[in-house]
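Protein chains: 8
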Amino acid sequence: MGQVATGELSADEAATRLRHLPFEDMGFARVDHHRALRCGFPEVIFGLGKTPEQIVEIFARLADSGANVLATRVSRDAAEKTRQRFLQAEYHELSSCLTLRQKDEPKSGGFVAVAAAGTSDLPVAEEARITADIMGQRTKTFYDVGVAGIHRLLAESHALQSARVVIVVAGMEGALPSVVGGLVDTPVIAVPTSVGYGASFGGLSALLTMMNSCAAGVSVVNIDNGFGAGYQAALINRVLERAQSRSNEDHAV
Amino acid sequence: MGQVATGELSADEAATRLRHLPFEDMGFARVDHHRALRCGFPEVIFGLGKTPEQIVEIFARLADSGANVLATRVSRDAAEKTRQRFLQAEYHELSSCLTLRQKDEPKSGGFVAVAAAGTSDLPVAEEARITADIMGQRTKTFYDVGVAGIHRLLAESHALQSARVVIVVAGMEGALPSVVGGLVDTPVIAVPTSVGYGASFGGLSALLTMMNSCAAGVSVVNIDNGFGAGYQAALINRVLERAQSRSNEDHAV
Amino acid sequence: MGQVATGELSADEAATRLRHLPFEDMGFARVDHHRALRCGFPEVIFGLGKTPEQIVEIFARLADSGANVLATRVSRDAAEKTRQRFLQAEYHELSSCLTLRQKDEPKSGGFVAVAAAGTSDLPVAEEARITADIMGQRTKTFYDVGVAGIHRLLAESHALQSARVVIVVAGMEGALPSVVGGLVDTPVIAVPTSVGYGASFGGLSALLTMMNSCAAGVSVVNIDNGFGAGYQAALINRVLERAQSRSNEDHAV
Amino acid sequence: MGQVATGELSADEAATRLRHLPFEDMGFARVDHHRALRCGFPEVIFGLGKTPEQIVEIFARLADSGANVLATRVSRDAAEKTRQRFLQAEYHELSSCLTLRQKDEPKSGGFVAVAAAGTSDLPVAEEARITADIMGQRTKTFYDVGVAGIHRLLAESHALQSARVVIVVAGMEGALPSVVGGLVDTPVIAVPTSVGYGASFGGLSALLTMMNSCAAGVSVVNIDNGFGAGYQAALINRVLERAQSRSNEDHAV
Amino acid sequence: MGQVATGELSADEAATRLRHLPFEDMGFARVDHHRALRCGFPEVIFGLGKTPEQIVEIFARLADSGANVLATRVSRDAAEKTRQRFLQAEYHELSSCLTLRQKDEPKSGGFVAVAAAGTSDLPVAEEARITADIMGQRTKTFYDVGVAGIHRLLAESHALQSARVVIVVAGMEGALPSVVGGLVDTPVIAVPTSVGYGASFGGLSALLTMMNSCAAGVSVVNIDNGFGAGYQAALINRVLERAQSRSNEDHAV
Amino acid sequence: MGQVATGELSADEAATRLRHLPFEDMGFARVDHHRALRCGFPEVIFGLGKTPEQIVEIFARLADSGANVLATRVSRDAAEKTRQRFLQAEYHELSSCLTLRQKDEPKSGGFVAVAAAGTSDLPVAEEARITADIMGQRTKTFYDVGVAGIHRLLAESHALQSARVVIVVAGMEGALPSVVGGLVDTPVIAVPTSVGYGASFGGLSALLTMMNSCAAGVSVVNIDNGFGAGYQAALINRVLERAQSRSNEDHAV
Amino acid sequence: MGQVATGELSADEAATRLRHLPFEDMGFARVDHHRALRCGFPEVIFGLGKTPEQIVEIFARLADSGANVLATRVSRDAAEKTRQRFLQAEYHELSSCLTLRQKDEPKSGGFVAVAAAGTSDLPVAEEARITADIMGQRTKTFYDVGVAGIHRLLAESHALQSARVVIVVAGMEGALPSVVGGLVDTPVIAVPTSVGYGASFGGLSALLTMMNSCAAGVSVVNIDNGFGAGYQAALINRVLERAQSRSNEDHAV
Amino acid sequence: MGQVATGELSADEAATRLRHLPFEDMGFARVDHHRALRCGFPEVIFGLGKTPEQIVEIFARLADSGANVLATRVSRDAAEKTRQRFLQAEYHELSSCLTLRQKDEPKSGGFVAVAAAGTSDLPVAEEARITADIMGQRTKTFYDVGVAGIHRLLAESHALQSARVVIVVAGMEGALPSVVGGLVDTPVIAVPTSVGYGASFGGLSALLTMMNSCAAGVSVVNIDNGFGAGYQAALINRVLERAQSRSNEDHAV
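Protein chains in written order, with our numbering: chain F, 1 to 253; chain G, 254 to 506; chain S, 507 to 759; chain C, 760 to 1012; chain B, 1013 to 1265; chain Z, 1266 to 1518; chain V, 1519 to 1771; chain P, 1772 to 2024.
Just chain F, with the same shape it has in the complex (with noise of 0.2 angstroms):
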C-alpha cells in the first residue's frame, strides 16, 4: 500500500477503505479482488481440498483481471480441465503448481537462491522457485547440496553468498539451513519437508531442528510450504525494489 505510505492517503481514508475492500462472494469463496493492492499480489488458490470445478471457477475470476495466476497442490486432473479454458495455464508437475502468466513483470536485480537437501525435496523446492518467480523474482536452484557431502555445498558457497535471499528446503534431519544461515549475511527462509521416515514424524524433525537453528538470520515456514518461503522470499526483495525505484526517483528530480 504504496499510496499510504508516502503520505498521499490519510489514515482515516485507508480505514474507511478498509471497510469497503472489494470481494466477490462465489457463495463457496469470497475472492478477494483487493489483496494485490493490500499484500502487493493477487490472491493465489490452494488447490488441495477444492473440486476441480471450484478451481476452475476461482482460476477464471482471478485471471479476469489480467494479472498473472498461480494455484498450488492442483491435481492433475484439475489442472487438465483449467487448461481446457486457459490454453496457456502452464502445469508444473513435479510440483503439482498451475501458473497463468498474462504479463511479464520486469525482473528483480538481485535473485533468490532456492537450495535442496535432496533429490526427494525437489517438488517443495520447486514449489518455492515457481512461486518467488511469477511473482517477478529472478532465482537460482542448488539442488542436493545436503550436509552428509558438506563439500557440494561449500562449492556454491559463493553463488549463495551473491543471493539476495536464500530458501533452504530440507527434510529428513533438516539441518542444511544452520549451515547455510552460518556462510551468507542474507536472510536464510527455512522450509522443512516431510521427506524421511521413523522418526521425522512427518516433518515434524525438521521442523524442530530449524526452529532451533543456532544460526541466527534464519526464520521458518509450514512443512512443505514452499509456496510460502518463494512468497516471503518475494515480499523482502519487493520492499527492496520499491525503495530502491523511490531511490532513484529522488535521483532524478
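Hints are computed from structural coordinates only; laboratory data are not their basis.
Source: prediction; values computed, not measured.
Ideal Cβ placement from N, Cα and C applies to all residues, glycine included.
Mixed in with the good hints there might be a few duds.
Okay, derived cross-link-like pairs now, DSBU-like style, lysine-lysine, Cα gap no bigger than 35 angstroms in a straight line [stated by the list, open to error]:
no., chain 1, residue 1, chain 2, residue 2
1, C, K840, G, K334
2, V, K1599, F, K140
3, F, K103, F, K140
4, Z, K1405, Z, K1346
5, C, K866, S, K646
6, F, K107, G, K360
7, P, K1852, Z, K1405
8, V, K1625, P, K1911
9, F, K107, G, K393
10, V, K1625, V, K1599
11, P, K1852, G, K334
12, Z, K1372, Z, K1346
13, P, K1878, V, K1658
14, Z, K1405, Z, K1368
15, P, K1874, P, K1852
16, F, K81, S, K587
17, F, K81, S, K646
18, F, K107, F, K81
19, V, K1658, B, K1093
20, F, K103, F, K81
21, C, K840, Z, K1346
22, V, K1625, P, K1878
23, C, K866, S, K613
24, Z, K1346, C, K899
25, Z, K1346, P, K1852
26, S, K613, C, K899
Facing chain B, a subset of chain S residues (Cβ under 10 angstroms, in silico) [claimed, not checked]:
no., residue
27, R536
28, E549
29, L554
30, G555
Since the structure of chain F is provided, determine the placement of chains G, S, C, B, Z, V and P on it from the hints.
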C-alpha cells in the same frame, strides 16, 4: 560478504579464506571474530547457561574489536559484573539484554515495526527491538494490540503498513501475525512466546498457530526468540541498504 | 426435564424414573428412547464405523417415534439404503448428513450464526448448520471470512452481533474465533477443523489455538465436530425459548 | 451491542465506531474501556505475569468507571497492595481472585451450576463461580461429586437439571462432564484442570477426555480456565435475560 | 508352573529346565511349545504382519499339540486358507479372530464380564470375550452402556457386581472404566479403543483417561488390545480356580 | 457386594440403596463411608494438593469407623500433624504413606510379589507394598532386579512363580514387566515410574513400553501409581479369598 | 581417509581436496563419487521417493565405478527395471534391498550378529544384515528371540557373546536391546521398528525404550533403519580390520 | 566374556554360571560384582535419586574390588562425603562425575574424539570424556565447533579423521553429528543435550535431528547421556584392542 558478491574476490580466494577464518580459542569457547565480515554482525553472546565470569570474558573479547556488543538472556548478576568493567554498557532489565554501543551506525531509511499482542509479551518484544536497534535499524513499537480487541490493531494499520519489516510477538493463541499478515505487503516475522497456561504448552500452541498461518508472507522463529526476529529484520533491511547504496553509487557515477 | 425444574415431580420420583428409563436393546445397540425427554433431543446416529444395515435399522427405530431424525457421517451408500425405506429423508452430500423431518418445530426468535474461515471448512460448517436447523433453530451462514482478509469479516460484524450464538469453524491456524469473540457479546462456540497440512497435525494446531483464545466467551468442541457445536448452540437457545415461554405464561396469568 | 441488534444504530455508524473505539494507552497496556459495551462486561485483569504495580494501576483505571472489577490469578502480595487503595476490594484466597463490587446488578432468574469432581479442583471451580457471580449470575455449587462414587452425583441430579448452564470442573481423567451431559438438557461447559500426576500431563488427559465426550452439548475451555467457563456461562444467561426483558417490554406495551 | 509353587520341583531343576525349554525353529519363527506350561496357555498367533502362509504354518504346529488354538487379527483371506486345512476352525468376522477348539476345558465357576461403551467398540470387546472363552472362562456381555446414558449402565450394575473380573472397553473419551470401577469390588481391566476422531488421536485420549482413572482397581492394556484384557482376566480367574481346587483337595483329605 | 452376588438382596433394593448411599459432606469433601461395602475397602486419602488440616480432618472421619486407614503422598509435615492426634499412625518416609492399623485382618493364603527394577524405583514399590499390606495381603519384595543384569531376576524366578499376583515397578525403559510376564503364569500389574532423564519424559517412555508389552497378562497403571497397583493386586486376591471361603462353607455344610 | 590418519597427506592438502571433491551433477542429484574414499563405502541409494527411472540412473552411475552397489527401499517395479540393465543385480524381496556385487571383498575375521525380537521385524533385520554383508562383514542371524520367552534368547547367549558387534532389532515395547546389552561386552546397536499397534505410535514406543536403556553400551538408530545399523556395525569392524592389518604389517616388518 | 569367545568354556558351563552370577544384596541395591567380567567394566553408579549415604556405600563396595570406580550425576555434597572416605577420589565439578583411579590400565593405541557444538554442551561432553578415560581410552576434545561457524569444524577435520570413534555432543538443533558423519569414516556416536529453549523441548529437537541424520554411521544415545556415549566408544575400541592382542599373540606363536 559484499566483496564476493561484487566480484572483487575470486571464488577460489573465498574458499581459501573460509579455511583460514580467524577464531580465538578461549578453552570453553571459540570466539568467531570473522563473523562480522561473513554474516554482517559480530557474534552475539547467548547468556543462558554461561557463568557470569564466562560472559564477562567473552564480552571483553568482543568489545576489544571496537564493534557494538550485544548479550541476551543475561542475569542481573552477570550484567552487574560486566558493567563494573564496561561502565557504558547498558542493562535492559525487562528483556535481560546487555548492550555496549561503541560506534553509531547510520540508521537506515525505513523502520522495523515491533508489534506485541499483550503486556506479558513485552520482554520478548523488547529483545527484538533492542537487537534490531543495535544492528542499526530504526524501530517503532506497537504494544498490546492483540486480536481480541481488533480496533486497537486497526487503529495502527496505517503505521504498520509504512514499515519495511514487521515483527509480531504473541503468546497464548498467537493469532496476531495472521491478521497483520493480511493487512500489510511487507515481510512479517512471527515470534511465538511462552506466555499462557494450560494448553499453551510453553508456547507450542502459538508456534503451531503461526506455522499454519493462512496469511502468506509470514515466517516464524523459535518460541521467545526475540533476538532471532530482530536479527533477521535487520538482515532484510541491510540487503536493502546495501543495494540502495550501490544504486546511489551508480547514480553518482 | 422441564417437569422436574418446575417442581411438578419430586426428587424421589425423578431418581426412580432414572432407574427405569426406557431403552431398546437391539443387540449391537441400546437405543435411548428417553433421551428426547432427558436431554431435549432424540438420540442422533453417529454413522462412522456402523454398517449401512445398522444405520438403516437404528434410523427406523428413531423414526418410529415420529420425531425428526438426524444421522451424521453417513456414507453415500448408507444414505441410499436408508432413503429406499424413507423416501422423504434428505442426504446432504457436502456434510454427509442424513435428515428426516417429520414435524416442523416452530423456529426460535433469534438465529444461530455459522461462520467459516475458508471454503475447505464448509463440510464441518454445514454439519453444524444442519444440526441446529433440525433442532428448530433459524440459522445464517457467513462463509470464507478468514482473518487473512479481515475486511471480509468486518463487513459482516453487524450481522454477527445480531446472532444469539455464533459458531465459528476454522482449520489451519484457527484464529477466527478469537477475532469474532472480541467483536460480539454472545457465546462463541469454536470448531477446529482438520483442514491444513504439515504442522496442522490433523487439526491439533487449530484446536490449541482455540483453547488458548485470549477472547473470553469462547468454548471449543472436538476437531471437525460440527454436530457438537450445532447441538450446543441449539441447547443454549432452547434454554432461552423455554424461559421465554414461561415468562409469557406468567404474563398470561 | 444491543443497540445494533435492535436496529437503533445503522451498520455504517457501527463500523465507524469500531475505528474510533476508545482505549487508554498506559505504555505497557491499552485498557479497552469500550469492551463493556462491545462484549457485555468490562475488561478483566489476568494477573499472571504482571507486576503488583501494573495490577494496581490497571485495577484503578477500571475501577474509575464505576463498574465491578475482576482480576484473576492475583498473588497475595498484589492483592494486598491493591486493597491498600481499594479497601472494599475482596481477595478470594483459594481461587486467587480479587473483586471490587461497586454496583449490585440485579441477579438473573435462573442459576449457573458449578460442579467439581474433587477437592483439589476447588480453586478452578471457585474462579468460575466468582466470575459468574460478579457478572450478575446466581450460582450453586456441587463439589466433590466425581464419577468414582457416582451416587454422590446422582443425589444431585435433580438440582443440576434445574440449572440454566452447568459448569463442570474436573482433573485427572476428566470424565465428569460426559456423565453430567447425559443427565441434563442444558449446555455444559467443561473445564479440565491440571490436577493429577503421571500421565495426566498437566491436564492434557482431562482436556482430551472432554474434547472427545460422547455426550452432545458439552464444550470445553482451556485447562484451569475457570474464568472462561464462568464468563461464557454468564454470556449465555445474558442472552436469555436480554431476550426476556425484551419479551417483557413487549408485554408491557 | 504349579509344580514349582507346590514345591515338587527344586529351584535348581527349575532353572535348568528354563535353559532347556523347548521351542521349534521354523526359520521365520520360534514356536514356544513350553509356553502352555510356563504361562498357562499355549502361544497365541498375532496375525498382523504375517502372511497367510505363515499363519497357516504356525497354526498347524500349535494345533498338533492338541490344545485349543487362538489367532487374532487374522484377515478373511488367511482365515479361509487356514480353514481349508482345519475344517473345525471358526472365524469370528467382527473381531477377526480364528479359533480351533480341540478340547473342552471345564468352565470356571464365576464369570468374566465384558462391557463396551458403544457399538463401534464391539470388535475389540469381542476379541476380549473370545480370548477369555477359549481360555476356559464363562463370559457375559454388556454392550452399548456408555456414560452419556448412565441409566443403561445402572440397569446392569447388579449383574456387573456378580462378575469375578470386569473388562471395560471404550473409545472416544474412555470414561466408562472409572464409573464401573466405582460400582464394583472386583478388578477392572480397561481397554481403550481407537474409536473416535479428531482429538481422540487414535485412542490416545481414551488411553490417558483410563490411566488417570480416579477409581482404584482399574488397570489398562494397549489400545484395541481386547486379547490382552481377555487373557489377563482368564489368568486372574485361573489363580482362583487353582487355589480353589487345592482348597477342595485339602477338604477331601 | 457379596450380598447382591449371592442373591440375598433383590436388584430393586440394590438400586434403591445406590440412591441413598451415605456420604458425609465436609464442605471441601464428601467422605464416601459406603465405599468399604461397595468397593471392598474404605476410601483412601490422596494427600497431594490437600492442606495438612484437610488431611487430618478426613483422616479423623475415616478413623472413626474403626477401619484401617491409608493416606498416600503425605508430606512429613502433614504426617506429623496427623500423628499428634493418632499416636499409633505410622509414617513411611520412603513412600510418603501414612497408615493407621486398627484391626488385624487375617492375611490371605498366597502372597503378592512386588518387584522393582532399580533402587530409585523403591518409593513407588513401597507404596504398592504398603497398600497391599494394609488391605490384608501378605507381600514379598524383589528389589533391584532390572533387566540389564538378567541373572539377578532369574535367581528369583522360582519365588516369583509362587506369587498369586506380581506387581512390577520400573522406570527408564520399563522393560522388566515384559520379561517377568514371560516367566510366570499369574497376572502382572506393571507400574511405570518417573525415574529417568532425557527421553524418559517423566515416565512416558516406561508407560509406553509397558502398554506395548509383547507378554500377554500384563496390565498397566498410571506413572508412579504404586497405590493403584497394590490396590488391584489386593482386589484380585480378595476375589480369590471370598470364593475360597464360600467353597469352604460349602464343604462345611 | 586412512592416508590422512597415517600422516601421508598434510592437513593443508586435505583441506584443499575437500574443496575439490568430485561429484557428478545429474540435475536431480549430485552423485558423491568421493564418498568411498571419505567415508569408507560408496554412496547408497535410498529408494523411497525416487522414481524407478531415477533409481536406474543413479544405480548405473555408481555401478560404473566397479564397486558393490546397494539400494534400499526399492519397489519391486524399480528393481525389475534395474535388473533389466544389470542382470547380476539381486533383489531381496523381504527387505526391499537391491544389491550388485562386483567385487568380493575379503570377509573380516569376526562377525556381526543380527538379532530380531519377532517375525514381523524381519524386513528391517534383513536390511541390516544385507548392508553389513555387502560392506564386507560376516553375519549371523538370531531371529524371534523376543523377551517374552527369555529362554530362546538365553539359549543363544553364548553365540551372541562371540560377535564383535550386535545389532538388535525390535518393535512393540523394544525391550530386547536392554537384555542383550546386559549379556555381552560388545557394542549393541539398537533398531526400533514400526511393528506394533495402538500405543506403539509407529515405533515411537520402541525408540523411547531403547533411548532409555539401563544397559550401557547401547546406541540407537532411526525407526526401521536397518541400513543405518548395518552400516555402523561395518564401520566399527572396519576400524578394527584396518588397525589389525596395520598391526600385521608392523609384525611383518 | 573372552573365555567363552575363545572356546575355553563350554556353553553349558556358561549357562550354569549365569544362574550363579554373584551379586551382593545391600537391601536397597544388588551390586553386580560379576559385571566387569560379563560386560567389560564394573558397574557404574548413577547418582541421580540416590542419597549421599547410598552413594558412599555402593562406592565403597565397588572400590573394595580394587577396580577403578566411576559415579555420574553426583551432587557436590555426595562427592564431599565420599571423598572423606576415599581421599584419592576426584570430583569433576563441570560434569558432576566422581572417579577413583586405583589401577592404571594401559591406554589404547588410537583415541576417542569428543566434539561439542557449544560451550553449554561441555558438562555432557566432559561426562563422555571422563567415562572413556577411566575405561582406558585416550581422548581428544574439540569444543565449540558448532555448524553455524562451519570453518571452526573444518579446521579440525584432519584431526577428527584420525580418531577411532567420534563422540559428537550437541543441543539446540543438534546438526553437528550429520556434518561430522559426512567427514569421517569412523563410527559417530551422537549425544543430544537439553541445551536450548522454546521448541527444543528439553533436548527432543536435537534427539530427533540425530535420529534422522542423513549421514550413515551415526547412532544416538539418550539426551544428556554423555556416560553412555563414552561407554560405547570404549567398548568399540576394546573390541579392537582385544582383537589386536589376539592377533599379536598369534604372531608371537
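Sort out whether K613(S) lies within 35 angstroms of K866(C), counting only the CA atoms.
It holds: about 29 angstroms lies between the C-alpha atoms, which stays within 35 angstroms.
Does K81(F) pair with K646(S) here, judged by a C-alpha cut-off of 35 angstroms?
Status holds; Cα separation ~33 angstroms.
Can the restraint linking K1346(Z) and K899(C) be considered satisfied, given a maximum Cα separation of 35 angstroms?
It holds: about 33 angstroms lies between the C-alpha atoms, which stays within 35 angstroms.
Next item in the hint list is E549(S). Is there a CB on chain B closer than 10 angstroms to its CB?
holds, 8 angstroms
Proposed proximity, K1093(B) with K1658(V) (alpha carbon, max 35 angstroms)
holds, 33 angstroms
With a cut-off of 10 angstroms, does the beta carbon of L554(S) approach a beta carbon of chain B closely enough for the hint to hold?
This interface hint holds because 7 angstroms falls under the 10 angstroms limit.
Next pair to validate is K1405(Z) with K1346(Z); report whether the Cα-Cα distance is within 35 angstroms.
Distance of about 31 angstroms is within 35 angstroms: holds.
Taking only the CA atoms, is the gap from K1625(V) to K1911(P) under or equal to 35 angstroms?
holds, 31 angstroms
Within a Cα-Cα threshold of 35 angstroms, do K107(F) and K360(G) meet the stated pairing?
Within the cut-off at roughly 29 angstroms; holds.
Hey, K107(F) versus K393(G), does the alpha-carbon distance stay inside 35 angstroms?
At roughly 31 angstroms apart (the allowed maximum being 35 angstroms), K393(G) and K107(F) satisfy the hint.
For the hint on R536(S), does the least C-beta distance to chain B fall short of 10 angstroms?
Where the cut-off is 10 angstroms and the nearest Cβ of chain B is about 4 angstroms from R536(S), the hint holds.
Proposed proximity, K81(F) with K103(F) (alpha carbon, max 35 angstroms):
Holds - the C-alpha atoms of K81(F) and K103(F) are around 22 angstroms apart, at most 35 angstroms.
Hint violations for this structure: none, all hints satisfied.
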